[in-house]
Amino acid sequence: MFYRESGDFKTSYVEDNQTFPIKFDRYRYYFVLLVAFLLVPVLINDYWVNAVFMPFLIYAIAAIGLNILVGYCGQVSLGTGGFMAVGAYACYKLMTAFPEVSIFIHVLLAGGITAFVGVMFGLPSLRIKGFYLAVATLAAQFFLVWLFNRVPWFYNYSASGQISAPERTVFGVPVTGASTDAWASYMFCLVFVTISAILARNLTRGSVGRKWMAIRDMDIAAEIIGVDPLRAKLSAFAVSSFFIGVSGALFFAVYLGAVEVGEAFGITKSFLVLFMVIIGGLGSIFGSFAGAAFLVLLPVLLKNVLVGMLGWPTDLAAHLEFMIVGALIITFLIAEPHGLAQLWRVAKEKLRLWPFPH
Amino acid sequence: MPDQLLFGMEVFLNGLMAGVLYALVALGFVLIYKASGVFNYAQGVMALFAALTLVGIMEGQVPFAHLINATLGTEIHHFGWHLPGIVAILLTMGVMVLLAWAVNHFVMRHLVNQEPIILFMATIGLAYFMEGFGDLMWGSDIKKLDVGLPQGMSTVIDEVTYGWFGYGFFIDNLDIVATVIAALLVVALTIFSQYSKQGRALRAVADDHQAALSVGISLKFIWVLVWSIAGFVALVAGIMWGTKSGVQFSLSLIALKALPVLMLGGFTSIPGAIVGGLIIGVGEKLFEFIVGPMVGGATENWFAYVLALLFLVFRPQGLFGEKIIERV
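Order-wise, the sequence lines are chains A and B.
Residue numbers for the first sequence follow UniProt numbering, so the first one is 1 and each next one is one higher.
Residue numbers for the second sequence follow UniProt numbering, so the first one is 1 and each next one is one higher.
Everything labelled a hint here was simulated from the structure, so no lab data went into it.
All figures in this text were calculated on a predicted structure; none of them were measured in a lab.
Treat the hints loosely; a few may be bogus.
Reference listing, derived: stretches of chain B covered by chain A, where coverage requires no fewer than 3 residues with Cβ under 8 Å from a Cβ of chain A [unchecked claim]:
1. 107-113
2. 128-135
3. 306-312
In this text, a Cβ means the ideal position worked out from N, Cα and C, and glycines have one as well.
Taking the hints into account, I'd like the entire structure generated from these sequences.
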């Protein structure tokens, strides 16, 4: 009734192959873009940007990246935090070394450098599989964080060991540094999110994506039908790390402004992004957004309810928050192991038939 | 003998001792993985939870005191008794069995036949939950744990080695006790799984779930049993680590130390966990001793992982893991 595919006729292959072939989906997508680009920047203030929108957008990029690796190519990785750190430090080094180049290019280059590092740590995936690989990627996590902590060149020999983003502008508007307006940083991240989502969506439905999925479903069988596992796996690592690097660069430069590597990019970050991917739905771009939104909003909501409304001490609320997050994750996995994306698919199915039960 | 070599030997011995402690945690992982195919990330938090509960019971803390005080406005903290260590350990074991039952009843039972990654994520959720639960129940301040284990430098070893080399080795008494207990634990586990009825059932389940079910073994019971044993191992590990460095949040991070041990030894092998633990313990201490000063120290954070990674490239199933056979 509300969601229908019938009556939507296509007269050319181009129309048939577009990203959103169904009219309703397409209009909804345009509508979301319109709201995100035109309405939200006018309405939001500092609190909303810092507590909700920026983490959501940045984690969405990271989740898309990890989803490509875990959800599409089936290579479980726990090194996300480490790769985000690579993006952040690459961006920092580039920003301080070439101040005249646009930050936009720096963020993309940071992604490229992370992609290279990702391929290096992805090499063992050709031999190691499953949980062994998941644990092996922890090597990347711990080694990279240690490296950025111990080698002073990476943080430009600053006394505190922290890195902090200098002010950079895009079209004359500052997007990093202290004098940034809320809407400017929001728009800057939004542009990257939009590009990432479009790129990821089209990569995953093209031949590269199908190769990844073949590897995920069974790598030996994929190899027999002519998918080169070396290329497929390493390209998945490269693309995934690129997105994660971009998100790490944004996380440092635009969102936090100053980071200490162990705190910002520790192992908890790796788990957080993996949770987003799993709760959102493995192998779904929409799922990456849904998972990021869920895990960003949940703590904010819990904190507001427990501390703001019930007036509990913050440490107690923090413990309870841990419990609730843990319990919710378990409940989710039991109720719907395929994540929020699957819930959305079920909802569409229901809407299609509404008000009739069958 | 030159001093450097003597220092090196001391580092080597201390590495062995540290390795035993890693192996203790890894053992819990292996037990659950073998019996149910669940990669239990919560093992470290279980150790923390066991240690917290032990301290809480010994000191007579009121569970959920903070929560009760915050909601009801009361001021209660202690029951006002002190229990001897052994009674507290037995009570804690009871709590761990309850926990094992709860985990199976509320979580694992509903996740049968799911993909391993989903099960793994569920145990991470469990780790979050238990961490919050433990802190909520007993408070998050750092606690001292003393169940009467000997601590401090072993004077016997110091004197003997001084007599031999003219240089006394520094070995902690606690580490020696830990080694003995770990050895006893492994022997006990081996005897249990080889000669007792439940132990045989356990091995049958590990071998093939469906075949075990069809000869009348109750999967439900075996899983509770296995989680209880893992809880017991966690309790032992929690006592050791808690006595060594206080009961605090960082205790749960030993799970991360146990992962490379598992990789090296293989996920399915109990001897593998022990040997892997020793290799990692010695390896990281020696690396820190020899290479550490050149690269800025704190190499212990990552060395174990990189070692395990390099090792796996040549032997993907670990030292003692079952050979991975892949068919299309």
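**Coverage assertion for the region 306-312 of chain B with respect to chain A, Cβ distance below 8 Å, three residues required** = With 4 residues close enough to chain A, the hint holds.
**Prompt:** Mind checking, does the region 107-113 of chain B have 3 or more residues with a CB under 8 Å from chain A?
**Reply:** holds (count 3)
**Prompt:** the region 128-135 of chain B covered by chain A? Criterion: 3 or more residues, Cβ-Cβ distance below 8 Å.
**Reply:** holds (count 7)
Of the numbered hints listed earlier, not one is contradicted by the structure.
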